[in-house]
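Chemist: Single-letter residue listing:
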Amino acid sequence: MTILNNKVAIIDLEIGNIGSIFRALKKIDCNPFLCENKNSFFTASHIILPGVGSFDYGMSKLIEKKLYEPLVESIEKNKIPFLGICLGMQLLATKGFENDNETNGLNLVPGNVDKIKIKNKLKLPHMGWNEVSQVKKSQLFENIENDKDFYFVHSYTFDPEDKSVVVSQTDYGDQFVSTIAKDNIYGVQFHPEKSLDNGISLLKNFLKC
Amino acid sequence: MLKLRIIPTLLFNNLKLVKGISFNSWRTVGSIIQSVRLYNLRKVDELILLDISATNQNNKIDLELVNEVASECFMPLTFGGGIKTIQDISNLLKAGADKICINTEATKNLDLVKEACEIFGSQCIDVSIDYKKNKNNEIEIYSNSGKIKTNLVFEDYIKKIENIGAGEIILTSIDRDGTMKGYDFETISYVSRVINLPVIASGGAGEFDDIYNLVKNSEISGLAAASIYHFTDKTPLDLKKFLISKNIPIRL
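Protein chains in written order, with the working numbering: chain Z, 1 to 209; chain R, 1001 to 1252.
Hints were generated in silico from the structure; no laboratory data involved. Don't take each hint at face value.
To be verified - No farther apart than 25 angstroms at their CA atoms in a straight line, the calculated lysine-lysine pairs in the BS3-like style are these:
hint	chain 1	residue 1	chain 2	residue 2
1	R	Lys1133	R	Lys1108
2	R	Lys1094	Z	Lys61
3	R	Lys1147	Z	Lys66
4	R	Lys1003	Z	Lys115
5	R	Lys1108	R	Lys1147
6	Z	Lys119	R	Lys1003
7	Z	Lys77	Z	Lys61
8	R	Lys1133	R	Lys1094
9	Z	Lys61	R	Lys1084
10	Z	Lys136	R	Lys1135
11	R	Lys1094	Z	Lys204
12	Z	Lys7	R	Lys1114
13	R	Lys1159	Z	Lys119
Just so we're clear, the structure is a prediction, and the values are computed from it rather than from any experiment.
Construct the complete structure from the given sequences, taking the supplied hints into account.
Modeler: In structure tokens, the structure reads:
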């Protein structure tokens, strides 16, 4: 299947690295567009929710821009392939605990988002290149070797209740979940748009979903 | 395992790529876009791009340049220079920067850094500190690209930066900058031990054995350098291969 005609809706929470994800998608010749309102979802072949930023601020932006309900509907009912990147993956959770707030997430993949527990002099944020160890086969990693380095930058991790959604893990003090897949829903804790060739391959793979 | 980052720093001044010694004697060393393209091809871990004239000439942040650079850059890009407001940060992230780094404004108003961390998340807010050591070996912090000495107390300042939730500290010794005589081992290793944030060493990168010594005896997360890549035949890949031969975790 060609990815050339894909119309990829990028959700702008006004806190994410929107520019980076646009560029990466243009590099692979697909058509990203900014998701401004609920009508944007009707023409989308794929949806990407990128993000740096905090959980509570991210959720409040989704609600403020009236994108919360159309997004859930597009994913759950219309089964449009969805990729959450970093914060975008975390927002799939039931609850997030950040900035001393407990915030409700999209609850599309039940589980909680919590701060990484520091031990052995580890630094926070977890920032830099780290190995992604695939524990389950997924189309996202087609033609990507196991244990390749991807770029991470985050202080919080997502712990899904149902461990069968876990596609990859990464080691930072403890193993944490670095990729999830559930039906048409995908989430990565790392930044494929900033992970050079392997990241670009992963984005291509998502667009074939 | 998390890898040590090897980070070329690109300094520019009115669109020209420059490099100086101790924040002086600036030389033009080429075109920004060409360098970024080259570093992308060489697959470096990250790039730091600093506009050294923005604050002092009160220039607007060149978003078009950031946009152009980011189009060539599929690795993390940190931008610094002239950042004064939340809107500046939002614009830069939109233009394609992944992290932003605040120096002069942080010395005056740490509340801006705090607010930025709350809105954008710690992970994209770096604070950069330029410092010199005086005769009594005390550390003095400078702002405005090394032009203005502040009254900040170094130990307090780094602790405050950590406490308000910044994501990373880039520590540059003005004395060592551009000399290629080795990083300031004492200060960098100290900060990397007392601060629980990633610390990037900057200023003076030279002999690989010295660099290895710093990595081995500190808790740093990254090595920023400019002169050795501009003015010698050493590349980031050479440094990576050297450190791998010493069993340091590095991404190839």
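Chemist: Decide, hint by hint, whether the structure agrees.
Modeler: Status of each hint after checking the structure:
For the proposed pair lysine 1133/R and lysine 1108/R, the alpha carbon gap of about 21 angstroms is at most 25 angstroms, so the pair holds. Proximity of lysine 1094/R to lysine 61/Z is assessed by CA-CA distance (about 16 angstroms); at most 25 angstroms being required, the pair is judged to hold. Straight-line distance between C-alpha atoms of lysine 1147/R and lysine 66/Z comes to about 47 angstroms, which puts the hinted pair past the 25 angstroms bound. Taking the CA atoms of lysine 1003/R and lysine 115/Z, the gap is near 21 angstroms; set against the 25 angstroms cutoff, the hint holds.
With a C-alpha separation of about 14 angstroms, the suggested pair lysine 1108/R and lysine 1147/R falls inside the 25 angstroms cut-off, and the hint holds. A hinted pair counts as satisfied when its Cα atoms are at most 25 angstroms apart, and lysine 119/Z with lysine 1003/R qualifies at roughly 17 angstroms. For the hint pairing lysine 77/Z with lysine 61/Z, the CA-to-CA distance comes to about 22 angstroms; that is within 25 angstroms, so the pair holds. Taken as a hint, the lysine 1133/R and lysine 1094/R pair is broken in the structure, with Cα atoms around 37 angstroms apart against an allowance of 25 angstroms.
At roughly 23 angstroms between alpha-carbon atoms, lysine 61/Z and lysine 1084/R fall within 25 angstroms of each other, so this suggested pair holds. Taking the CA atoms of lysine 136/Z and lysine 1135/R, the gap is near 60 angstroms; set against the 25 angstroms cutoff, the hint is violated. Taking the CA atoms of lysine 1094/R and lysine 204/Z, the gap is about 22 angstroms. The hint holds against a cut of 25 angstroms. Under the criterion of a C-alpha separation no larger than 25 angstroms, the hint pairing lysine 7/Z with lysine 1114/R is inconsistent with the structure, at around 37 angstroms.
This hinted pair checks out: lysine 1159/R and lysine 119/Z have alpha carbons roughly 19 angstroms apart, not beyond 25 angstroms.
In summary, the structure is inconsistent with hints 3, 8, 10, 12 from the numbered list given earlier, while agreeing with the others.
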